[in-house]
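Chains as they are written, first to last, in the working numbering: chain A, 1 to 203; chain C, 1 to 217.
Rather than coming from a laboratory, the hints here were simulated on the basis of the structure.
Note that the structure is predicted; figures quoted are calculated from it, not measured.
A virtual CB, placed ideally from N, CA and C, is assigned to each residue, including glycine.
Relax, there's no trap hidden among the hints.
Quick list of in silico lysine-lysine cross-link-like pairs, DSS-like style, CA-CA up to 25 Å:
#1 39/A with 132/A
#2 22/C with 194/C
#3 132/A with 34/A
#4 18/C with 177/A
#5 22/C with 177/A
#6 194/C with 18/C
Partner residues are not named here, just some residues of chain C that face chain A (Cβ under 7 Å, in silico):
#7 26
#8 33
#9 43
#10 209
Quick partial rundown of chain A residues pointing at chain C, CB under 7 Å, derived from the structure:
#11 11
#12 21
#13 31
#14 134
#15 135
#16 136
#17 191
#18 194
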Amino acid sequence: MYRWTRDLHLYFGLFISPFLLLFAASVFFLNHAKIVPDKWLSAETFQNVEIPDAIDRAQGKDAIARAQAILQQVGVTGEIGFTRFVRQTRHFVFPVSKPGVETNVDVDIDARTAIVSRRPTSVWEAFAYLHKMPGPHNVAIRGNWAGTRAWRWFADGTIYLTLFITITGIYLWWTIKAERRTGIALLSAGIVTFVALIYVVIR
Amino acid sequence: MSSSAKRRQTGGFAVFEKWNRKLHFYLGLYFLFFLWLFSLTGLLLNHGQWLIAMAANERKETRYERTIELPAGATDLDRARDLMRQLSLQGEMDLPAVPQEPGRLAFSVSRPNDASQVRVDLDTRLASIQHFDNSRWATFRIFHTFSGSRYNQPASRRDWMATSMWVLAMDALAAGLIVMVLGSYYMWWRLKPKRQLGLIVLAAGYVACGWFFTSFL
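Produce the complete structure using the sequences and hints provided.
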């Protein structure tokens with residue numbers, strides 16, 4: 001039992017360690033960084049874009065499917081944030097993101113043109129992007145890119161394995177009798193800090 | 001190297017090894033509940049379709065009005081702070097990104113367990129407050145993101161002491177995790193029989209994580 005627990009603690013820990021480092025490092029960026037997003041650095045116009053049917057009426061997943069049909073024509077990949085049909089100008093607009101690059105696609109339905117604007121992001125922004133993905137927003141359409149779906153698996157896996165590692169970690173610590181007293185003191189100190197902070201924030 | 005220097009180095013090494021190992025589980029035990037909170041709230045944030053996550057979207061809304069004294073202060077921020085005091089509101093305050101309408105002041109105040117949107121007519125000295133009480137699950141989930149700052153909105157800043165304390169806890173947990181991971185690499189490397197399989201597993205982790213950064217290549 002001890003041996004298996006120790007080995008699983010070690011190997012699962014090693015596997016998720018890069019993900020843990022990414023989640024931990026991005027916390028500093030999310031909490032303290034201030035950036036003014038750069039303007040779109042490049043804009044490319046595509047002519048004769050094939051416009052999917054009923055693009056002006058499509059909602060939710062249907063709208064995403066139509067946006068994806070356009071993405072294939074303009075050679076862009078990534079997670080579509082949302083779609084918007086601007087009735088006055090008859091433009092179909094949607095942002096697309098993936099780690100390292102943000103793209104905006106603006107389709108003129110009547111002229112059958114698409115303007116694709118790109119903005120490369122820093123590695124820190126990419127960390128923050130992954131930290132927040134898939135996230136709580138637009139649940140119905142989230143995961144419309146294979147990369148986001150794959151990341152969801154790894155993000156969830158990191159959490160489940162972290163929970164496993166904490167539980168096995170408690171067991172492994174408890175087997176070291178000489179460390180029990182100090183460990184209990186630190187665990188108690190952690191609980192007191194945790195409860196006190198929660199109280200301060202919601203009182 | 002002289003034998004005494006070798007002994008000194010070995011001694012220092014032994015102390016490092018001992019404390020690196022101790023630090024690994026001391027940090028783990030101290031941050032245990034923080035780690036559980038951020039892990040479980042992370043799951044809730046990533047699975048909006050779960051019943052618990054949907055329950056977290058529920059909140060009770062109340063509206064009320066209060067007469068106020070003309071707020072003191074040279075800036076909107078100062079005036080909003082004065083109004084918070086008058087209305088007995090506590091939490092992280094946010095001013096809208098757009099300029100305020102003449103004769104009006106709008107701002108919001110939030111904490112994990114509740115939020116208020118305040119609209120003040122300075123001419124009539126009347127404040128309209130839309131107050132939301134978050135459900136327990138919502139409160140729990142908001143702790144994950146409660147930092148009072150958004151990196152892509154340079155104007156947003158923390159202005160409540162409790163938020164700063166919570167952010168300090170988040171930073172400490174992140175720093176603790178980094179120390180634990182780096183320390184664990186060392187402990188694993190010292191276990192010679194575990195090196196080969198460990199290297200394969202570690203490489204698999206880095207390849208899987210690195211795949212998401214191929215846009216940078």
